[in-house]
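S.K.: Please put together the full structure from these sequences, using the hints given.
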Amino acid sequence: MLQNKLSFHQSSVSLEIIGLPDYSNNEDKNQISIISEWKLNIIDKPLIEGKIDHLGPIMSAFYTYSNLLITNQIPLYESNLIDIKADNLHMHNIVLKSSKPDVKPLIIKIGNSLLSDIVNCFDQLNESSKVQIKKSCIFNTFPKKVRFPLTNKADFFNIILPPIISICSLSLISYSLIYFYNPIENKDKNELINPK
Amino acid sequence: MGSFFALSDKLKLNDVLPNKITIWKLRNNNPLRKSYTNNNIKIEEFDALIKITAEMSKYLYPYIREILQSKEDPKKNSIVWNSFHKRFIELINERFNTNSVRVKKLINKTENDEMLIKSLLTLSLCISKEGNKKLKKYLFNF
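Quick mapping for you: the protein sequence lines, in order, are chains Y and Z. Numbered according to numbering that gives the first Met the number 0, the first sequence spans residues 0 to 195. Numbered according to numbering that gives the first Met the number 0, the second sequence spans residues 0 to 141.
Hint data in this document are derived by calculation from the structure and do not stem from the laboratory. Every value quoted in this text rests on a predicted model; they were computed, and no experiment measured them. All C-beta atoms in this analysis are idealised placements derived from N, C-alpha and C, irrespective of residue type, glycine included. Please note that a few of the clues may not be correct.
Stated by the list, open to error - Below, a sample of chain Z positions facing chain Y; criterion: calculated Cβ distance under 7 Å: (1) E44; (2) R64; (3) L67; (4) I116; (5) K117; (6) L120; (7) T121; (8) S123; (9) L124; (10) S127; (11) K128; (12) N140.
Stated by the list, open to error - Sample of chain Y residues with no beta-carbon within 10 Å of chain Z, all distances over it, derived: (13) N24; (14) S35; (15) I41.
M.R.: And the structure:
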């Protein structure tokens, strides 16, 4: 069966996705839902290719790493498949590890320009209506701070503690005032002021 | 300002940004500017500014990329970086309150490289169709 091929280009980088539509879901013949192969071609660098199992983790690695880089966190990503770390502010070191034994890891050095080209190619793939991939694993790569700003314990206590303290202090003061207030004495005073 | 307004027109943001004066007022919300005025920015206006910024970075991507690339090889004479850096400092001196400590940091040649690289990288990563959403997330995380 003839496979579909889709390419995404950004300056010096191109991403090629090869696969088939899912006919059981009545998909269009130009669609790709079953990815059999993908190729990431960076000019002047070795070709990176793999199966669908590798695409998600690699995309996730690049997204996570770029987020770390621009949010002033330590730019380091490590996994069984890929390591990315910063050499300096401008250069990044990618180590691609093969799942096959006796195959040496592939080391590629890229600059900020190539990093943004690669991420933009992945963005195009994510936004393409012609390719169906599990997007949940890729888009949830933003640091927790962004996704759940209120789950941060310190923030949560900062929000909830001041009103609780103010309510407690208000009730304590009111209770102490009630203790000093004598309704019988007050009634006598009122009678003296307004004698019937 | 003209290109800003033309982009808002192209993105059909006329309801939120009907004229150049609205855009000018919004830009003056930046406390680092000389002409700073404290107006409350509405969420629609904030979103509109994000959309325009993402759209601008899409147009300027080749230039942004070239500036980033010019810094990658220290052996190369980075004419592109130097001209960008010079123009950036000129604009900051012209429009921002240079008495402020934060602005002084922005124009300090030895300290501002990292800030500039990270800002350019952020813009270069937000050029896709949904780049505005990405840029918004990055800004919330700053």
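S.K.: Please go over all the hints and tell whether each is borne out by the structure.
M.R.: Hints and how they fare:
no.	hint	result
1	E44	violated, 21 Å
2	R64	holds, 5 Å
3	L67	holds, 4 Å
4	I116	holds, 6 Å
5	K117	holds, 5 Å
6	L120	holds, 5 Å
7	T121	holds, 5 Å
8	S123	holds, 4 Å
9	L124	holds, 5 Å
10	S127	holds, 4 Å
11	K128	holds, 5 Å
12	N140	holds, 5 Å
13	N24	holds, 24 Å
14	S35	holds, 25 Å
15	I41	holds, 14 Å
When held up to the earlier numbered hints, the structure conflicts with hint 1 and nothing else.
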